[in-house]
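Hey, can you work out the whole structure from these sequences and the hints?
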Amino acid sequence: MTDPRRLPQYPEQTPEDGVPLAGPDPVYLDNPVLDATVRMVTELAAQLWVERERRLVLETLLAERGILATEAIEQYRPDAMRAAEIKVERARFIEDVFKELRRI
Amino acid sequence: MNAVPTRAVPWASVSDDPMPRLACRSDTAYLDFVEGFREYILGQGADFESRLNAALVAEGERRQAPLRDSRQVREFLRSLPLGQLRDRLARTQQEMKWHTIWRSLDQQREALRDELARWDTRGPGRLELDPGFVAPSYLNVNFHLQPGGYYHDELSGFLYHYGTKIFFRGDNDHDELHDKLVGKVPAPADGKVSRVLDLACSIGQSATAFKRRYPRAEVVGIDHSAPMLRAAHRRAAMLGDEVTFSQRLVEDTRYPDAHFDITFAFILFHELPQRITQATVREAARVTRPGGLFAVYDFSPTKAMSPFQIYHRDFDAAHNGEPYSQAFCDCDFDAILARNGFRLAAEPAASQRSGGVGYMKHWFATRD
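As given, the protein sequences belong to chains A and B, one line each in that order.
When we follow this note's numbering, the leftmost residue of the first sequence carries the number 1, and every step to the right adds one.
When we follow this note's numbering, the leftmost residue of the second sequence carries the number 1001, and every step to the right adds one.
Simulated from the structure, these hints should not be mistaken for laboratory data.
Hints may contain errors.
Among the chain B residues that face chain A by a calculated CB cut under 8 Å, a handful are [to be verified]:
(1) ALA1029
(2) TYR1030
(3) LEU1085
(4) ARG1088
(5) ARG1091
(6) VAL1141
(7) ASN1142
(8) HIS1144
(9) HIS1270
(10) PRO1273
(11) PRO1290
(12) ALA1318
(13) GLY1321
From the derived model, a few chain A residues whose C-beta atoms are all more than 10 Å from chain B [what the hints assert, rightly or not]:
(14) VAL33
(15) ASP35
(16) THR60
(17) ARG65
(18) THR70
(19) GLU71
(20) TYR76
(21) ALA84
(22) GLU85
(23) PHE98
Every residue, glycine too, gets a C-beta built ideally from N, C-alpha and C.
Set out below in structure tokens:
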């Protein structure tokens, strides 16, 4: 399956002498599973920050405009269509964090 | 012509920030995380540097011979879990950065392509691309792991702009670092500055800083990469700075002898093979007038580095797309300058932000 988020292939690099370049997927820890684990934790932290930043903006704007109290967020239940959309988002989130599993 | 004080960057007077916009707020937030994470692992947060340097010093004491050789420090630090983890995180944050910037800009490729085309022929300033230009093979490297290197992607200049924003960890969002570095470059002793050349200008941040410092001077930025030069011209024109950006090689500029009063090279030489470094200094000597100044800012020599900095240099060479940096740090750059007719003046201490104390260095050399 094509991963649309992989970077494109550019021409092979042609360094002249110098220090040999590491390959595209170097392993630094004792085995590739540990490397993937560190990547996943880092990715998770990044994704968490993206969400937190957005929520902070959202809640601030909603409160500033007197549109929504925090309690309304707790009470919200999506309809079927919105629930399906959220599931797609969930799949994307899992892919973002755990794509490392394919590299092992 | 005398130097005038650097004017403030005219952000208020332009309609847009020249920094390329990302596709969505989530991408901006993701890269904001990477910037903070980079600061954390390279700085005092995770504190890898001082702990690993202490381990290297202690190991040198144990062996009764300081560890100064790249291979020695590499073998020792890669035997430590802490060293392995640091390398993993250093590589990962670069991969996260490029992956997201590339994806975000690629989503807007057509709009960004149109935007570059709109600015190509607009002033102030001028863009000179050479349709017959062929990049020498030594330049075909993904420096700093940038996807497609400096010239294989039509958006390379935009990728570089956002990539270096993250690299400089918030210190250069509005070109503050370039303004500061250019501000440190002394004028030639006779004060005459009519023409300035920025070698390998990339997106032109030093060139525009020179134009602001010497508004009556003709400032030229050259680079091999057309995408970089197009982004440089767009940025300078947006800021209202009249600079010429021209596609040329640093080792063969094709400018007349003694043409420039100041020739500037910002973090250039560590990205050149040694034979090109020699040729470029020769070329700088040819185009800089007698009494003119050649200002260089680059990595310090290996001999001035701490054991950890020696390691970091070695790691970056192989794992961050810097194949030529080790040879540059090992060479006697002072001697290369002297052999080509440059006289070195005392240089100010470089900022401690990039790579720690003593990692970066200024060279201010006057042409005999």
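Checked hints:
no. : hint    : verdict
1   : ALA1029 : holds, 4 Å
2   : TYR1030 : holds, 5 Å
3   : LEU1085 : holds, 7 Å
4   : ARG1088 : holds, 4 Å
5   : ARG1091 : holds, 7 Å
6   : VAL1141 : holds, 5 Å
7   : ASN1142 : holds, 6 Å
8   : HIS1144 : violated, 12 Å
9   : HIS1270 : violated, 10 Å
10  : PRO1273 : holds, 5 Å
11  : PRO1290 : violated, 33 Å
12  : ALA1318 : holds, 5 Å
13  : GLY1321 : holds, 6 Å
14  : VAL33   : holds, 12 Å
15  : ASP35   : violated, 6 Å
16  : THR60   : holds, 13 Å
17  : ARG65   : holds, 18 Å
18  : THR70   : holds, 21 Å
19  : GLU71   : holds, 25 Å
20  : TYR76   : holds, 21 Å
21  : ALA84   : holds, 20 Å
22  : GLU85   : holds, 16 Å
23  : PHE98   : holds, 15 Å
Hint check: violations occur at hints 8, 9, 11, 15; the rest are consistent with the structure.
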